[in-house]
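Enquirer: Going line by line, the protein sequences match chains A and B. Residue numbering for the first sequence is 1 to 321, as defined by the working numbering. Residue numbering for the second sequence is 1 to 321, as defined by the working numbering.
Just so you know, these hints were derived from the structure itself, not from any lab. Every residue, glycine too, gets a C-beta built ideally from N, C-alpha and C. There could be a bad hint or two in this list.
Stated by the list, open to error - Facing chain B, a subset of chain A residues (Cβ under 7 Å, in silico):
hint, residue
1, G143
2, N150
3, L156
Number of protein chains: 2
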Amino acid sequence: MTVFITGVAGFVGTNLAAALLERGERVVGFDNFCRGSEANLAGLRTNPDFMFERVELTDIAAYRSALARAHEADPITEIWHMAANSDIPAGIADPHVDLGDTFMTTFNTLLLMREFGVGTIAFASSSAIYGDLGERPLVENIGPLFPISNYGAMKLASEAAISAAVESDLERALLFRFPNVIGVPATHGVILDFVRKLQATPGCLDVLGDGTQQKSYLHVEELVDAMLHIRDHDNARLSCYNIGAADDGVTVRFIAETVRDRVSPQAEIRYGEGNRGWVGDVPKFVYSIDKLLALGWRPKLGSAAAVRRAVDQVVEQETTQ
Amino acid sequence: MTVFITGVAGFVGTNLAAALLERGERVVGFDNFCRGSEANLAGLRTNPDFMFERVELTDIAAYRSALARAHEADPITEIWHMAANSDIPAGIADPHVDLGDTFMTTFNTLLLMREFGVGTIAFASSSAIYGDLGERPLVENIGPLFPISNYGAMKLASEAAISAAVESDLERALLFRFPNVIGVPATHGVILDFVRKLQATPGCLDVLGDGTQQKSYLHVEELVDAMLHIRDHDNARLSCYNIGAADDGVTVRFIAETVRDRVSPQAEIRYGEGNRGWVGDVPKFVYSIDKLLALGWRPKLGSAAAVRRAVDQVVEQETTQ
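The following block holds chain A by itself, in its conformation from the complex (with noise of 0.2 Å):
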């Protein structure tokens, strides 16, 4: 088996490279260190059954004459589809970014895959394509889907170009819908923010919003072990599962606390007004895993768990750069 990943050096990426060579199955990988680093791949670049090469998946020949190459050497057999833009605000601000990095890498990846008959794609779906459907459960059939994002909008409009390819060329698509993922290596996201707020000034930690925002948060060490369950255990030719904890997660508060307890302790905490952080960020939802777990997944860890081991991992790494 050898297993293609785009956006390897990234946040999932390196995650689950680690993951699958760890099953003793090669990997290739490419990334554009656009949010992904050099650095993310140090503990694979050891491995010899790793192969990493530096590609825009947005630039279609190159993308195209990197995957021949890879191909040749040793057969892709499925392809893990992780890269995307992962800042909703800055694809908020300029539609370009979700169009490139989230949705035409997905476009291309398709077109090559059909190109060279490569018959399996895993992809990094997220809840975001569900909008603000309210109280809600956001099982996986519910609608209507207005995603409120351009993230979202390019997340779904990737799952449905997966959709109409599995009916015209492929074997298999797993759609995993990621929840709020934390952990390491951490490129953005409410605990690196504040990680680093509070490094810079010791003194008063400011958060966006009044605090009570509460959501679900899943560890990428049980993310990468949700979407390997789903890939051994599930044989529909189109899958699509939500992955997240199993609970109705934490505030934004509890965060901020903790990053507060394990940095700097005397810091104050200000908050602002309003549960929204941004626009094309849903307040409290209702994030439902049924599905999962009846295929007999089910995560260790808690919201709460995650987010003090996150918070312990995020500081390291930032304390060791």
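Assemble chain B onto chain A, guided by the hints.
Expert: Only chain B this time, still in chain A's reference frame:
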């Protein structure tokens, strides 16, 4: 009121422009004449309240400067985005067709709405976004949405991008999910295919599939009437409506026989096998228009009467050309 229409020289665009002009509104329309044509504009060109420019909407620079000229001459208050690929098999053979003509035209339109401060968009979405949900009635909030053609995928991608833009910029968006629409000027579709086939070989008509495939059909004049009814009667910031006939539809066999009886009564009709015409073609589905009925609009023609009327019009179109 000056309304801007993309794809104004196409099938729906010409009918929409005529209806708006009849209401006393001014219309600015763009088209690239890829599927639309100058001939289709004949009836509109004589109206002093109609302005037209030939523009390639996937070329953002050309689109921007043409829109700037139009907007300066006469400020645009709303945009009706009807331009799209309408050839589903073409989009399956080459995904770039729907990427460019169906999705990027939407992306660029949203970009320019933001730049020019135009607040309202009405969009020609499609029942194709629903994919194949089996026997479940297709209501607007059904899920999951797994389209089975690139056409459906890029219509869903467009809806998603519009939805995100409503959250950040737009004042109002109307999403119209079109059914199978028939009438003139016909540029594609089963009626035109059958008429042309029979005119070429009057002795026989070869039909793709076994003829049992059943769909409901709406006449384009009724489609336009429904869209304007929704515009007048719905006040939500983001509205989404199925538009269609209020019946279970007619079979391909019914259409074939209606065309045969009108064009070449002695012709033999030869059916193929299976009840799908091509990849991406959904067999019989139940398209709910309950939401539209509740808003007080009801089609006057059923599917059968719409087919008979459209067959007469298409035969006349093809005979006089």
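Enquirer: Now look at each hint and say whether the structure bears it out.
Expert: Going through the hints against the structure:
1. G143: Check passed: Cβ of A:G143 comes within 3 Å of chain B, closer than 7 Å.
2. N150: The hint holds - A:N150 has a Cβ within 7 Å of chain B, the shortest such distance being about 5 Å.
3. L156: 4 Å, holds
Violated hints for the displayed structure: none, as all numbered hints are satisfied.
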